[in-house]
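Between the sequences and the hints, there should be enough to build the whole structure, so can you do that?
Chain by chain, the residues:
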Amino acid sequence: MKQAILLSQNDNVATLLERVEPGETIEIKGTGQAEKIVSRDSIPSGHKVAVKDMIPGDAVIKYNNRIGIATIEIFAGQHVHVHNVKSARTESGKGGEQA
Amino acid sequence: MYKTIKGYIRKDGNVGFRNYVLVLPSVICSSKVAERIASSVPGCAVARHNQGCAQLGEDFHQTRRTLINTALNPNVAAVIVIGLGCERVSPHELRDLIAQAGKPVELIMVQEVGNGEAIRLGREKAREFVIEASKIERQSVPLSALTIGVECGGSDFSSGLSANPVVGHVADLVWGNGGRVILSETTELVGAEHLLFERMSDDSQKERFTRMLERMINESRNNSRDMVDRENIPNNISPGNVRGGLTTLEEKSLGAMIKGGKVPIVGVKEYGECIERAPGLYLMDSPGYDVESVTGMVAGGASIILFTTGQGTPTGNPIAPVIKITGNRDTAVKMRDSIDFDCSAVISGGETLEKSGERLFDLLIDVSNGAETKSELLGQDDYSIWNVGIKL
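Residue numbers (numbering that gives the first Met the number 0), protein chains in the order written: chain A, 0 to 98; chain B, 0 to 391.
Hints should not be assumed to be uniformly reliable.
[To be verified] Partial list, computed: chain A residues near chain B (C-beta under 7 Å):
| hint | residue |
| --- | --- |
| 1 | 14 |
| 2 | 62 |
| 3 | 66 |
| 4 | 67 |
| 5 | 81 |
| 6 | 84 |
| 7 | 88 |
[Unchecked claim] Keeping only pairs whose Cα atoms sit at most 20 Å apart, straight-line, the calculated EDC-like set for lysine to aspartate or glutamate is:
| hint | chain 1 | residue 1 | chain 2 | residue 2 |
| --- | --- | --- | --- | --- |
| 8 | B | 31 | B | 381 |
| 9 | A | 35 | A | 52 |
| 10 | B | 390 | B | 58 |
| 11 | B | 5 | B | 136 |
| 12 | A | 51 | A | 72 |
| 13 | A | 1 | A | 40 |
| 14 | A | 1 | A | 23 |
| 15 | A | 1 | B | 350 |
| 16 | B | 5 | B | 365 |
| 17 | B | 102 | B | 123 |
| 18 | B | 333 | A | 17 |
| 19 | A | 85 | A | 52 |
| 20 | B | 261 | B | 192 |
| 21 | B | 205 | B | 192 |
| 22 | A | 1 | B | 329 |
| 23 | A | 28 | B | 350 |
| 24 | A | 28 | B | 353 |
| 25 | A | 85 | B | 192 |
[To be verified] Not close to chain B: a few residues of chain A, all C-beta gaps over 10 Å, as computed:
| hint | residue |
| --- | --- |
| 26 | 0 |
| 27 | 51 |
| 28 | 72 |
These are calculated hints, taken from the structure and not from any lab test.
The beta-carbon is built from N, C-alpha and C at its ideal position, and this holds for glycine as well.
Right, dumping it as structure tokens:
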């Protein structure tokens, strides 16, 4: 079975170790019990798959930290990348918040 | 566990793990002469660079500081400064400061003797210095003598999952033994600042780090002549990063800062500035541009570099061994002539992070004791000083 790594229990995305096609089952491993989800997209190896549903404005969490913000609704099993996530720090012309 | 390693104890008390005679041009114009001297005498290294004149203010100071501190790195036994004569960085001052630090040093001025004679004199002096340096013996020193720089380049998904956390584990081990770790690449700390602030004990460090971040963000936004770049910078995500699955700067930064392990931050340094003796993690201002970042950390005092890569890169340094680490099995195979350490088993499940970190620590000890790295065998003497102003 194809595998993806979840780096922390709070993460809502996992990193795929192999390419998956729609309908393929992915084993999510890394923390605690292995879960399984079904891929909804064609996703390259090394890219991220959603393990939880997100709505626009939700934080995308990896490494137990926010890596960006969902720009559209994302369902578990979908590819999570530049087409549905934006940085909170590098918005065009704004430069984002200061720490 | 290891108790001691073998290094070269210098007059200032710092310990080197290589023993080079460094040929140091003060300016681009004398760089070729310096290179020809170094290339003809085994045991020499050259810090060939493009700076040294037509620079102003902090840009000038940064070049000057980096050149001086490169010469003072404990991997250097002796120095031959090659000056031109009319440049802004004073070769006489370089010579005097190196001499004050107790290092054998010679100055040769191209405008005083001519190009060919400068090369001839330089080779003669280089042979003499190499013979003297070869008489210095390695001595047993505690592991606290280690100062490592941590770097990542050509990152992909495997970097954040394996190579960077494995290096982070080694950073913890180095610190646990009383050693020092330098983490640079300011652009790759943006988005992970909150986690670094938590590791700083005093407010002046926090202020310096805040200034450093704001400066990098503002400069990258305001200095570009290209309006399209002005919109996108400092979103330092390369096309290769996006193809590899990295989505945002925050994601890249969170994966990158793991290289510093859990080590407490004890200093925040300018580019090429010498770090102090206290064990811990030092943050150094630098671009994410690998060769410039490594050059700055080596000037800061790093005697060995741990360099993680996903897609593979041949980068080395003239005076410091650069240990190349990858978590990408394909890269470990394809670029086996550049890669020293394969930690892809961490991802496939064959090895724990801790176990892999211990194995990398073993390699670090071997390299400290004199084992060659692939970058050294390839002659990768990459050296480039970060330029922060316009040339006049």
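- prompt: Looking at the structure, which of the earlier hints fail to hold?
  reply: none
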